[in-house]
Amino acid sequence: AQKITQTQPGMFVQEKEAVTLDCTYDTSDPSYGLFWYKQPSSGEMIFLIYQGSYDQQNATEGRYSLNFQKARKSANLVISASQLGDSAMYFCAMREGYSGAGSYQLTFGKGTKLSVIP
Amino acid sequence: DAGITQSPRHKVTETGTPVTLRCHQTENHRYMYWYRQDPGHGLRLIHYSYGVKDTDKGEVSDGYSVSRSKTEDFLLTLESATSSQTSVYFCAISEGLAGGPDTGELFFGEGSRLTVL
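Heads up: the sequence lines are chains D and Z, in that order.
Heads up: the first sequence begins at -19 in our numbering, then just goes up one per residue.
Heads up: the second sequence begins at 202 in our numbering, then just goes up one per residue.
Some clues are possibly wrong.
[Stated by the list, open to error] Derived SDA-like pairs (lysine to any residue); straight-line CA-CA distance at most 20 Å:
(1) Lys90(D) <-> Asn229(Z)
(2) Lys(-17)(D) <-> Lys212(Z)
(3) Lys90(D) <-> Asp239(Z)
(4) Lys212(Z) <-> Lys93(D)
(5) Lys93(D) <-> Glu260(Z)
(6) Lys254(Z) <-> Ser22(D)
(7) Lys90(D) <-> Lys212(Z)
(8) Lys90(D) <-> Glu311(Z)
(9) Lys90(D) <-> His242(Z)
(10) Lys90(D) <-> Pro240(Z)
(11) Lys90(D) <-> Lys254(Z)
(12) Lys93(D) <-> Arg245(Z)
(13) Lys254(Z) <-> Pro240(Z)
(14) Lys(-17)(D) <-> Thr287(Z)
(15) Lys93(D) <-> Lys254(Z)
(16) Lys93(D) <-> Asp239(Z)
(17) Lys90(D) <-> Arg314(Z)
(18) Lys90(D) <-> Arg245(Z)
(19) Lys90(D) <-> Val261(Z)
(20) Lys93(D) <-> Ser285(Z)
(21) Lys93(D) <-> Ser266(Z)
(22) Lys90(D) <-> Ser266(Z)
(23) Lys(-17)(D) <-> Arg245(Z)
(24) Lys(-17)(D) <-> Glu260(Z)
[What the hints assert, rightly or not] One-sided excerpt, in silico: chain D residues whose CB lies under 10 Å from chain Z:
(25) Ala(-2)
(26) Gln19
(27) Ser22
(28) Tyr30
No lab work stands behind these hints: they were computed from the structure.
Even for Gly, the Cβ is constructed at its ideal location relative to N, Cα and C.
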C-alpha cells in the first residue's frame, strides 16, 4: 500500500481563487511529520509547510495552510489567493518516527500538477 | 538559499559505464541524502548519510553506492549504469533528522539529470 497518496494528477485554478490539493497518508507510527514541497518547472524543490502528528493546530505559512485531519489521515494543502507563480508540481511527503531507519527518510507522493489560469 | 551544489548537472552516458554524481554542501549539516525523481513515482530515497563514513540504504539502493569522506561531500556512484537509472537525481541535506522534532526541513540541490543510453 502506498504510504502517501495524491489522487489529483493535475488541477486547474483561476487566479486569485483558493485551491486545495489532496494528500492522504498511511502509517501506524504515532509520531510522524507531514510536509509539502513545491517544484516549479525550473526543477528545484521548495519546502512549503510542515505539520507534526502531535501538533494541535493546523500549520500555516503565509498563503499556505495545511488542513490536518488526523482521524481521516489526510493532510491537504490549501493555497489561498492563487497566483500565476503557484503553477508547479506539489508533493506531499511523510516522515515516520523520530528514531530508527524510517526517521531518516521522507516518503513522497507522486505529486499534483497545479496550473493557475489568468 | 542553502549552499548545495550538485555536479554534473547534466550527463549522458552509455550502458555499462561507471558514473559518479557529487553533492557538495557549505552548511556543515550532518545529514545528506540522495533521491531520484521519476515521472509517476515522486521522489524516492536511494541512500543517506548521518555522518562522515556513516551511510545506509534507502528505498531504491540496488545498483548504487555512496561515500562520504568529508562532511561537505556526498558521492553517489553507479558502478555500471543501466537505462533504468535514467533519472533526475537530487541531493538533499538537513541539520537534524528529516522531519525531526524541529521541522527537520530538507534543503535540496538543483538536481542532476542523467541519461543512460
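Check your understanding: Quick check: which numbered hints come out false for this structure?
Key -> Violated: hints 1, 2, 4, 5, 6, 7, 11, 13, 14, 15, 20, 21, 22 and 25.
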